[in-house]
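Make the full structure from the sequences, and use the hints.
The opening position of the sequence shown corresponds to residue 0 in numbering that gives the first Met the number 0, with each subsequent residue numbered one higher.
Since the hints were derived computationally from the structure, they do not count as laboratory data.
These numbers were taken from a predicted model, which means no experiment stands behind them.
Treat the hints with care, since some could be wrong.
Unchecked claim - Simulated crosslink set (SDA-like; lysine to any residue; CA at most 25 Å straight-line): (1) K600 with D586; (2) K600 with K125; (3) K600 with T576; (4) K125 with K294; (5) K463 with V510; (6) K463 with D520; (7) K43 with D60; (8) K294 with V510; (9) K600 with D520; (10) K600 with K191; (11) K191 with D202.
Claimed, not checked - Distance ranges between label pairs, derived from CB positions: (12) W273 with I87: 34 to 40 Å; (13) L22 with I240: 31 to 37 Å; (14) F219 with L45: 47 to 53 Å; (15) L63 with I87: 15 to 21 Å; (16) D202 with I178: 27 to 33 Å; (17) Q575 with N33: 22 to 28 Å; (18) A552 with Q575: 54 to 60 Å; (19) R523 with L101: 54 to 60 Å; (20) N33 with I178: 22 to 28 Å; (21) K564 with I265: 28 to 34 Å; (22) V182 with R599: 48 to 54 Å; (23) P79 with I178: 19 to 25 Å.
Glycine included, every Cβ here is placed at the ideal spot set by N, Cα and C.
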Amino acid sequence: MELKTTSTYHMAGYSYAFFWWGLFTIYCLGHQFNRWRLYLHRRKQLQAQKSNGAPLDVVFDPTLPWERWLRPLDRVVAIPWVTDLIAIKHIIGVSLFIIINLIWVFFAPFKWDPAYSTYYLEAVGKFDRRGAFIGMVNWGFVFMLASRNSLLSAMSGFTFEQMIPYHRWLARIGLLEFIPHFVWRMIHGYQKTYIAADTLFYDLEQTSGTICMLGFLLLFVTSFGYIRRNFFEFFYYAHIIGIIVAIIFACIHEVMCFVYFIPVVILWVADRGWRSYQSWYIPVIPIQISPAVAKSEKQEGIVRVLFEHGQLANRYRPGQYVFVAMAQKGKAWFKWQFANWHPMTISEVFRTGSSVKSSDSSIINEAITPVSEKKGDILPGKDKELVTGGMDSDSSSLDTAYLRRRAGAGAGSTTDSSVMMASLHIKALGGFTRSLLDHADQSAPLHFKVDGPYGPRLEYQDYKVLSCFAAGIGITPALTLIKDCVERRSAGVSTVMTHHIQLVWVVRSRVEVEAFAEQIDYWRERASTSINPLTLDLSIYVTREPLAEGNLAGFDKTVYGARPKIADCMDTIPEQTSVFVHTCGSDQFMTTVVNEAVARKWDYHHETFEF
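Below is the structure:
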């Protein structure tokens with residue numbers, strides 16, 4: 000077997016790849032130009048702070064002009080059986096992508112012929128192979144879009160969770176381009192001998208192609224949303240097995256597959272290696288796991304996990320998330336559980352001057368402490384080992400209120416030398432999270448690994464208003480955004496232009512608020528003594544308690560037995576020209592928020608995990 004680099008099929012494949020890489024390069028240049036604009040604006044604000052004692056009070060638009068012109072296309076809709084949340088611009092983009100694919104399948108390689116006057120449809124045996132080569136290029140893109148650490152993200156600004164939908168769409172398009180080749184070769188194989196078995200297994204080429212296609216079909220069948228959400232481990236392992244089978248037998252089937260698959264496979268393996276390094280060798284000290292909200296008949300429980308991460312201080316940005324793997328100690332096969340990674344949004348971070356030691360750097364010390372109980376103190380400048388205690392132990396939980404205030408005192412510092420602790424608040428909704436709550440209730444020790452952080456760098460600070468809409472546990476990314484803004488604004492950081500924060504939070508029960516009551520009190524405390532003016536407008540809607548009365552502590556407005564009218568909430572914002580909207584919740588909830596923001600030509604970010 001030899002590489003046929005002069006075949007028209009290969010020419011169609013590599014010309015198609017160069018076309019898309021060229022467009023992607025242009026997009027990356029635009030993104031980097033916009034980053035340069037942001038840098039110049041913030042530098043000007045710092046210079047104004049030094050010379051005049053106050054930053055410039057100007058309206059700065061962080062988006063490029065054509066992004067503003069195309070803003071109406073950001074409106075999101077649902078496509079039955081496909082997705083519940085997709086922007087119109089993405090529908091148009093995928094449609095154009097399919098059209099360009101068809102142009103390459105039917106016309107590539109493009110060669111000028113003066114005598115050409117009429118297009119003749121070539122034999123099926125030609126354009127089915129051309130489609131297969133185009134499909135291989137698309138699957139090369141699929142590999143790169145599934146990498147958590149890649150140059151694509153650094154150059155374009157797309158984060159892992161933003162690339163995953165593209166990963167899924169391109170995989171389906173690539174599979175569709177394989178289907179004509181697969182079906183035609185089945186027919187061709189049967190016609191050679193008219194023996195049924197030869198349809199799939201005529202010779203080595205036919206057999207390897209059949210097994211390769213079965214691998215791709217396994218990927219497709221197990222990637223539906225229902226399976227991903229309810230049987231994540233099955234989905235994950237089927238993906239690994241399917242892609243290994245598909246790649247190996249594709250290269251046996253057609254030697255040119257090496258050219259298209261092996262480079263991206265190498266990049267994917269490098270990404271896996273880096274992720275393994277991050278999760279196994281970067282110091283992570285699990286501190287505590289405890290119920291933040293007890294489980295009841297009307298309310299799912301919420302678990303809080305507190306841990307210390309060696310690289311979080313240098314890399315974390317508000318609103319980001321980590322992948323977490325937990326394994327129950329004592330099981331002979333527990334290390335296999337470290338292959339199951341689940342995305343969790345960080346709910347709060349604390350910068351501390353020293354590490355909180357643990358006797359075992361991979362085991363969580365269990366401690367069950369009600370939220371209302373007094374927390375034990377951690378003295379400044381001293382290490383303290385967490386004590387596993389029962390319900391009556393005052394020292395069984397870290398004094399996070401002290402850590403919060405201690406960290407907030409240095410919010411304006413530019414040094415990243417401090418150690419950072421972080422918390423995860425996890426609601427018991429699925430099988431993994433329910434078992435996590437059971438472990439916390441039973442004080443069962445768990446091993447703990449973290450990969451990350453990942454996610455967007457949300458540039459809320461260039462807007463005058465930060466507006467957050469959250470439903471249930473979807474409050475967690477908003478918590479870190481609001482805390483970051485409050486701390487930096489109260490410390491007098493001149494590059495943070497945000498002076499008004501709106502929070503609209505929808506919960507089923509008041510009990511959910513207990514897990515975050517201390518944080519809300521902290522915001523109020525810091526905002527009241529802020530160096531730069533800062534207004535907090537906090538509203539909560541309790542949907543399943545229609546008879547309660549009075550505002551919940553820390554909130555300006557409490558509504559019982561009703562859901563918010565998003566448009567009315569947005570109309571109360573005093574500054575309507577410079578607003579950044581963040582939302583996290585159900586698809587229906589986020590659709591309403593995003594579309595209202597788009598109607599006002601506001602910038603937005605919606606938090607969703609489509610893994």
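Now the hints, each set against the structure:
no.	hint	verdict
1	K600 with D586	20 Å, holds
2	K600 with K125	48 Å, violated
3	K600 with T576	8 Å, holds
4	K125 with K294	62 Å, violated
5	K463 with V510	32 Å, violated
6	K463 with D520	23 Å, holds
7	K43 with D60	14 Å, holds
8	K294 with V510	10 Å, holds
9	K600 with D520	32 Å, violated
10	K600 with K191	62 Å, violated
11	K191 with D202	11 Å, holds
12	W273 with I87: 34 to 40 Å	36 Å, holds
13	L22 with I240: 31 to 37 Å	33 Å, holds
14	F219 with L45: 47 to 53 Å	52 Å, holds
15	L63 with I87: 15 to 21 Å	19 Å, holds
16	D202 with I178: 27 to 33 Å	21 Å, violated
17	Q575 with N33: 22 to 28 Å	23 Å, holds
18	A552 with Q575: 54 to 60 Å	30 Å, violated
19	R523 with L101: 54 to 60 Å	58 Å, holds
20	N33 with I178: 22 to 28 Å	40 Å, violated
21	K564 with I265: 28 to 34 Å	52 Å, violated
22	V182 with R599: 48 to 54 Å	49 Å, holds
23	P79 with I178: 19 to 25 Å	22 Å, holds
Consistency note: the structure conflicts with the earlier hints numbered 2, 4, 5, 9, 10, 16, 18, 20 and 21.
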